[in-house]
Structures are given as C-alpha cells and as structure tokens.
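Here this note's numbering is used: the first residue of the sequence shown is 1, the next is one more, and so on.
Keep in mind that the hints were calculated from the coordinates and are not lab data.
Certain hints may be false.
Claimed, not checked - Label-pair restraints from in silico Cβ distances:
hint : residue 1 : residue 2 : range
1    : S223      : Q419      : 39 to 47 angstroms
2    : A563      : E333      : 49 to 57 angstroms
3    : F163      : F231      : 45 to 53 angstroms
Just so you know, even glycine gets a beta-carbon here, dropped at the ideal spot from N, CA and C.
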Amino acid sequence: MAKSRIPIPPYARLIVLLAIGLALFLMAAFMVLQPPDGLTANPIHWRAIGQTSPAIWVSLGTGFLAYLISAWVWSLKPSHLPAILFAASGLMTLGFCFSAVGFDLALDLTMRQFMLFANTNALTAATFGIIMPCLFLIYPNRLPGWKLLSAVVVLGFGGWTLFSMFGPVQDFDAVQRITFFEMLVIVAVVGWQVWASREDPRLRAIAIWLGVSTLLGAGAFISLVAAPITFGYPPVIEEKIAFAFFLVIYVGLAVGILRYRLFDLGAWAYRLAFYVSAACVLIILDLALVSFLALDQGQAIGVSLLVVALAYLPLRDLVWHRLLKPKRRNDDELFQRVLDAALKPTSRERAESWEDLLVSHFRPLQSVPIQPDGDLAYIDTEGLSLYVPAAGDASALLLQYPDDGRALFSPEDVALARQLTKLLKYAKESRDAYDRGASEERTRIARDIHDNIGAQLMRALHSERTDRKDTMIRETLADLRDVINNAQSQSLPLDDVLADLRAETAERLEPHQIDLVWTLEAGAGITLPPAKVHALRSFIRDAASNTIKHASAQNLFVEIDVAEEETVLRIRDDGKGFAANTALFGHGLGNMKVRVESMGGQLELKSDETGTELTAQIPVHAGPTQAATV
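Just need the whole structure built from these sequences, with the hints factored in.
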C-alpha cells in the first residue's frame with residue numbers, strides 16, 4: 001500500500017528558509033563586528049557599526065534579500081523548474097555577497113581562512129553566472145536546443161572557473177572576466193527570449209519585463225564593475241555596493257515567474273526603463289556640466305533637472321503614445337457607434353452592431369458568445385481574454401488575443417469595456433422608454449378615436465336634425481385634430497377650454513329639455529396640458545351622453561373646482577338612477593374611469609332613485625400614466 005504524502009504548505013517552507021537565511025545573516029554580521037584582537041561573544045568588545053564600511057552592509061542586505069525573494073518564489077512553486085533554478089541563484093547570490101565581507105573583516109585571518117572566503121566568493125559568483133543563463137534558456141520559453149546550450153554554459157563557464165582557481169596556473173583575477181562574459185551571455189539569452197516570444201503576447205510580456213529587469217541589473221553591474229576590471233581599469237563604484245543592482249533582477253524574476261498581472265508587465269517595463277534612463281540622463285548631464293562648464297553642484301543639478309523636465313519627459317510621452325500604445329479609435333467615435341448600435345431597428349442588428357464595435361476596436365482574433373458570468377467586464381487567462389457582459393440585445397462575449405494576437409488586455413481596456421457596456425444599457429433603456437411612450441400614444445389615439453370620435457360621428461350620421469349635422473361633423477374633426485396633436489400642443493388656458501365646453505354641453509342638452517347648471521371655482525391664468533384638456537372634454541361629454549340616454553333627468557349639474565394640488569370634477573343629475581354595483585361595466589363609465597385613472601386620479605360613483613353623481617379627483621401636477629384596465 002502506497003504511503004500518502006502530507007502536503008507542506010508554502011508558508012512552512014518559507015519559514016524554514018527564512019530561519020536559515022536569517023541565521024546566516026546574523027553569523028555574517030557577527031563576523032563583521034568582531035574586533036581585530038580575536039573572536040568574542042561579548043558585544044561590549046565588538047566594533048561599532050559606524051566603524052564598519054557601509055559597503056559591507058549593502059552586500060549583506062543584498063544577499064539576504066535576493067535569497068529571501070528566491071526562497072519565497074520557490075515556496076510557492078517548489079516543483080517548477082524555473083523556480084528551482086531561481087532559488088539556486090538566490091542561494092549563490094547570498095554566497096558571494098556574504099563571503100565578500102571576508103575581505104573587509106577586522107580579524108586577522110589566516111591564509112587558509114582568507115582562501116575559504118575567496119574561493120566561496122569566486123565559486124558562488126561563477127555559479128550564479130551559470131544558473132542564470134540556464135534559467136533564461138527555459139523561461140518563459142524553452143528555447144531551441146536549450147539542453148545542449150545549458151550543457152555548454154555549465155561546462156564552459158564551470159570548466160573555466162575551476163581551471164582558473166584550481167588549475168596548474170591559478171588566476172583568481174580571471175573570475176571578474178568570467179563574470180563579465182557570463183553577464184553578457186545572460187543579456188543575450190534574455191534578448192533571444194524576447195524575440196522568441198513575439199507571437200505569444202503573454203510570454204512576450206514576461207520576456208520584455210525580464211529583459212528590462214536584467215538589462216538594468218546586469219547592465220549596471222557590467223558597466224560599473226565587471227567591464228572596467230576586465231579591461232584593466234578600477235571599478236566605478238565598489239563591487240559590494242554594485243551587488244545591489246542584482247536586486248532589480250530578482251524582483252523582476254519573481255514577478256515574471258509568478259506571472260503577476262501579466263497584462264501590466266509591458267507598461268511596467270516601459271516605465272521602469274524610462275525612469276532609470278531618466279536618472280542616468282540626469283546624472284550624466286550633471287557630471288558634464290560640472291566637468292566641462294565648471295558649474296557648481298547646485299547650478300548643475302538645477303540645469304539638469306530643467307533639461308530633463310522640458311525635453312526628456314515630453315519625449316518619453318511621445319514615444320509611449322506614438323510607438324508603444326496601441327492605436328485604436330477615439331472615444332467620440334466609439335460612443336457614437338454605441339448609440340448607433342442601440343438604435344438599430346431589430347434586435348439581431350443591434351447585437352451584430354455591438355459585436356462589430358468591440359471587434360473593430362480591440363481587434364481580437366476570436367469573439368465567442370458565452371453564458372453570462374457577471375455584470376462587469378474583467379480580464380481572464382492572464383490578459384489573453386476579456387469578458388464583456390450581456391448588454392442590450394447582445395449576449396455575453398469573450399474576446400481573445402487583442403490587437404491581432406500581438407498584445408494583452410489591460411486594465412484600461414476593462415475600464416473602457418465597462419463604460420461602453422454601461423452606455424449601451426442606458427441607450428437601450430432610453431430606446432425602450434421611447435418605444436413604450438410611442439406605443440402608449442398610439443393606444444391613446446386609438447382609444448380616443450374609437451370611444452369619442454367614433455361616437456360623435458355616429459351621432460352626426462344618425463341625427464335627424466340636418467341643420468346640426470355639419471356643425472357636429474366640424475366639431476368632431478376639430479376634436480380629431482386635438483386627439484392627434486395633443487402631445488405636441490402647448491398648454492391651453494382653462495377659461496377658454498371650459499367656456500367652449502360649457503357652450504357645447506348646453507347645446508347638446510337643449511334638444512332633450514335638460515338644463516345645464518355650471519359652477520366653476522378656479523383662479524385666473526390657469527393652463528392645462530393637452531392630455532388633461534382632452535380627458536376633461538371626454539369625461540364631460542361622456543357624462544352628458546349618459547344623462548341624455550339613460551337618466552331621464554331635467555337638470556345636469558357640473559361643478560369644477562381647480563385647487564392648487566387637485567382638480568375636483570363633480571357631475572350629477574336628477575334622473576332615475578341605476579344599480580351602481582354594475583355600472584362600471586356599462587353606460588360608458590368604463591372609459592370614463594380609464595381616462596381619470598390615466599391622469600393619476602380617482603373616480604367615485606353614486607346612484608339612487610334621486611339621481612346619479614360622478615366625482616373625479618385629478619392631481620394637478622401628475623402626468624399621464626398607463627391606462628387602467630376595466
């Protein structure tokens with residue numbers, strides 16, 4: 001029976017490695033602080049930190065941080081070959097950084113002890129230079145012939161190092177030359193990785209990031225230390241201080257191996273390169289002004305900062321926007337296309353237009369409809385895909401491989417996709433509201449023509465009074481124009497409307513020997529919107545028709561009270577009445593109820609043997625609502 005393995009969590013591995021690294025750091029610090037007269041555990045006799053060289057602590061700090069970063073990455077990916085090599089390089093960096101302090105100890109070392117520090121320093125430095133090319137041969141791409149090339153690197157530089165240190169003619173100075181050429185190989189292999197990753201945007205982003213990090217870290221060490229020593233010149237800065245440049249490589253490698261925010265690595269690499277280059281320009285210009293123009297330091301740094309601010313920074317922005325930033329459509333055109341897509345006549349056309357917009361802007365190699373997975377756009381598969389949620393009549397889409405497969409989606413793309421989606425949803429809601437309004441207007445016109453205009457035409461057609469037919473038809477045509485145009489008409493004066501309506505109602509009641517008693521309470525200068533004017537006319541006309549047809553009344557009382565917040569319309573007759581519990585399904589009262597409720601009002605009916613009373617309460621400021629169903 002196979003034994004099951006207990007998984008070791010990453011934090012446990014990291015704690016153990018951290019403890020080992022911290023122990024080595026304390027051991028090295030202990031040796032640095034020792035007095036010249038011999039080892040002692042009594043801190044009283046130790047050297048003060050101020051008596052030691054700052055370069056020693058830079059070297060120790062660099063070694064410890066490089067080791068810690070590489071240990072952290074390996075703890076997360078212990079079986080990942082690049083992470084293993086990365087951890088090994090961190091251990092080697094700790095080795096040559098810590099052993100380098102042996103040359104600056106106050107202790108009087110024996111030759112054997114001194115050679116131990118020297119050999120450790122040389123072997124770990126050379127091994128670091130062997131591991132790093134092997135790492136870059138397999139990450140982020142496994143380059144063609146990586147096994148053979150790795151063997152060549154190991155045997156070539158390893159054999160050179162061993163021969164120089166332990167061969168018949170020992171040459172410890174050759175270690176600097178070996179380091180110089182190892183650094184050149186590292187830079188060359190990273191450049192090869194960038195070229196080999198040109199077809200894969202994810203790997204290219206990693207390769208560019210690693211390339212910039214390595215170029216800055218290794219390039220700085222080569223130019224300031226390795227190259228001068230190789231060609232017989234003293235280093236520009238002390239070697240132990242220059243070790244700090246390796247931290248740039250380690251931070252870059254950690255980010256690259258962990259594949260953290262791949263979609264941002266290209267922009268980060270650009271910014272890192274330009275910031276460092278700006279600092280270099282500033283330093284070089286400052287030195288030139290001091291050396292050749294004899295300016296004092298204050299003047300030189302001021303002029304240098306001015307030149308960098310006025311010339312270099314605008315140039316940086318120009319390069320970014322013209323050469324590096326993807327060329328895409330401007331926002332005005334995009335927003336116009338969103339509106340065009342939302343206003344297409346059919347849902348299919350709207351969906352197709354929306355997808356065409358996204359494809360033409362982001363230029364993905366694939367656009368795949370998928371099941372909805374949230375209401376917000378997001379980046380997937382390390383920047384290769386962009387999820388765009390369903391919007392309007394379009395389904396959710398997965399855009400893959402932007403800019404024809406040459407780039408990754410960025411947070412700016414996510415923000416834009418969310419903005420476009422929000423705009424499309426808003427445009428759809430506006431279009432739907434317009435369609436609902438148009439539909440309701442058509443329903444209103446149809447209802448008014450059927451219930452009001454049709455009835456008036458039928459009365460005119462069947463009227464026995466030939467002298468009234470022409471007048472009734474003209475009035476009906478005028479009402480028809482009001483029905484059709486009331487949405488576009490301006491508010492009408494209440495006095496004029498009621499005066500015409502009173503005269504019309506009295507004229508209709510007169511042939512039936514019904515007297516009209518009209519009461520109005522309203523302030524001067526009141527106007528009503530066309531919809532309420534038409535509802536008021538229709539309500540009174542229908543009430544008058546019911547009185548004529550069914551009430552057998554002698555009088556019709558119309559009371560209109562227009563207050564600040566509410567209009568109350570009360571119509572009653574002194575006829576025979578009817579059963580109020582069935583009234584809403586007959587006598588035309590259903591349409592009257594619809595009209596009142598469409599204005600946001602309420603209708604109350606009372607009827608008995610003494611007559612019938614209708615009371616309508618209509619809010620003054622309420623707009624038309626969807627008609628109620630009766």
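**Item:** Violating hint indices (sorted, rising)
**Value:** Hint check: 3 fails alone, others pass.
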